[in-house]
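Undergrad: Sequence lines, in order, name chains R and H.
To convert, take the position in the first sequence, counting from 1, and add 29; that gives this note's numbering.
Take the second sequence: its letter number 121 is residue 108 in this note's numbering, and every next letter is one higher.
There may be inaccurate statements among the hints.
[Said to hold, decoys possible] With a straight-line Cα cutoff of 30 Å, these simulated DSS-like cross-link-like pairs (lysine-lysine) come out: (1) R:106 to H:59; (2) H:46 to R:103; (3) R:106 to H:-2; (4) R:103 to H:59.
[Stated by the list, open to error] Listing some non-contacts, in silico: residues in chain H with all C-beta distances to chain R over 12 Å: (5) 49; (6) 111; (7) 115; (8) 117; (9) 190.
Quick caveat, the hints were computed from the structure, so don't treat them as lab data.
The beta carbon of each residue, even a glycine, is placed where N, CA and C say it ideally should be.
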Amino acid sequence: METAKNVYRIHIKTRLCNGCGDCVTACPINARLRMEGNTDEKQYTVHVINGKCEVVNQDACDGCGVCVEACSTKALKLEQAER
Amino acid sequence: MYPHYEQQIKKDKIVTEMKMIDVDAKLTLDREKCTGCAVCVDVCPKEAIERGPVGAADKKLSDVPAVLVDEKKCSFCGVCVHLCPFDALELRINDQPKLLVVEGGALPQLKYEEVKRTRDEGKTAKKFFEGELKAHPEKCPGGCATCTLICPTGALTIPKREHPWDKPPKIEVDQDKCILCGVCIAGCPGEGALELVRTNVLSEGEHTEIWDKIVEKLKTPKTS
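Okay, chain H solo, but in the shape it has when bound (with noise of 0.2 Å):
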């Protein structure tokens, strides 16, 4: 029966597939790429995407993916493969790689600076936010470190203590670093230990109110 729908997970990838008589839509999740800052799944339009245990899946203890694509609400628009910092996500329709939603002109082109990730070699990351990362470290409980080992660009920092029996020492942002992706918010097990707030996505060029609709959405403040 026809569309026909399917989903492989990988160590490496998964592939989301839809089959329907002359058109076969694969989106591919690179999951070494991914770090599951979860900014597909405020993006997508049809809440098709969510989020796993981004910590554990960082840290390889668990074998469930940080971000899971429901293969039945997908409709393989691309908006998040377009938004993605990180370009892990890749849609290919009859195996050619196409963005419909930008070539149609509904989202504009991003303007972004690449920045290497500091944390893997050789893999960049793209900054197209504006905003800040506030740490309200009174709430961080202390000692966990998840934030530090999870950002990809190295932002989120402990400092040293100065005498071995101090406390031990809350977090702090680097916002030059920081491309407030918000993997922090989402591996944070902490309650409002850090915020996210966006003031602006850089881009260029046409677009109609699907795009307005989706920034809205990403300036949302986001609290861990």
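Looking at chain R on its own, in the form it has when it is part of the complex (with noise of 0.2 Å):
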């Protein structure tokens, strides 16, 4: 799969994240490594960790601004990465 890396990342204001994982459960790279029976949370894009959310994989990361759109609390976001 084709990916952007250089130009965005995921940012997620820990003090603002409540730890539901809605973004880890919205994320349709996450959805597919679920649906093929792949259970490795290294390989996820974003997952809970210890009650907050952290970016675990940024390279697999689409862009596709689901887990934007699901955060309640306005934690994530997709920022401009620096070059």
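Hints are included, so try docking the two chains, each in its own frame, into the full complex.
TA: The structure is reproduced here in structure tokens:
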């Protein structure tokens, strides 16, 4: 799969994140991995670790923006990466 | 120090600028016309353009643009301007719209049909590709509908289900409406659900071997 890596990145404001996991279930990349029966959490784009959401695999992100839409506390944003 | 590079990212446009003592080249991307199809990314001879979060930019969920030009890599040749199907890019040299690659005969004139964009009224798209967009519904996870939302000409549809208890239906392609731009490929988060095969780029007039290279790049099949 073709992904863009250098232009943007997922940024999570940990202070605002309540660890609900909506973004983890909403992410289509995670969904595909789960559909294939892959339970390796290191391949997930975002995952809830110790009650807070963390970016696990930035390179897998395709920039669809579903996680931003799903986040109820507006903690998750797609930001421009520094060059 | 010359050359001086500058980039301004505004809400409606991105201006990439190179200033030299007697030349001032300006590449403007109209963010409202741009869909994020990434034809410019494929075509750029310097690989200066990179794709951003196409889906998120389309839904206005992210401030990051769908495509971004690296001002230091860009040579301001105008190949992307000539091949943009949505006329979103403009190159101005000393404040005059100028395309030296076309005037100099390196690229031919494109033979295109104007197609109305169904999503944005009053905006048009150019159809100059020939080929086919194949859908592989068995690989589509179903239920995200990004491709149907993002398609500028309404070629992709999800059929209505007969009964509410049926499984969500998978994607369908209308080949007549499709302009083969490839936005759906860039936006689809699934793997291999859509396949784009361009067989020809319609053009007329003189050209050099640069054009053959560009056509070859465009013809390589792309999957989501």
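Undergrad: Each hint should be assessed against the structure and marked as holding or not.
TA: Going through the hints against the structure:
For the proposed pair residue 106 of chain R and residue 59 of chain H, the alpha carbon gap of about 27 Å is at most 30 Å, so the pair holds. Taken as a hint, the residue 46 of chain H and residue 103 of chain R pair is honoured in the structure, with Cα atoms around 16 Å apart against an allowance of 30 Å. With a CA separation close to 17 Å, the supplied pair residue 106 of chain R and residue -2 of chain H stays within the 30 Å bound. The suggested pairing of residue 103 of chain R with residue 59 of chain H is violated, with an alpha-carbon distance near 34 Å, which exceeds 30 Å.
The claim that residue 49 of chain H is not at the interface with chain R is violated, since a C-beta of that chain comes within 12 Å of its own (minimum 4 Å). Even its closest Cβ contact with chain R, about 26 Å, leaves residue 111 of chain H beyond 12 Å, as expected for a residue assigned away from the interface. The non-interface label for residue 115 of chain H is consistent with chain R: the shortest C-beta to C-beta separation is roughly 22 Å, beyond 12 Å. Every CB of chain R lies more than 12 Å from the CB of residue 117 of chain H, the least distance being 22 Å, so the non-interface label holds.
At the 12 Å boundary, the C-beta of residue 190 of chain H stays outside the reach of chain R, the nearest C-beta of that chain being 26 Å off.
Violation of the numbered hints given earlier is confined to hints 4 and 5; the remaining hints are satisfied by the structure.
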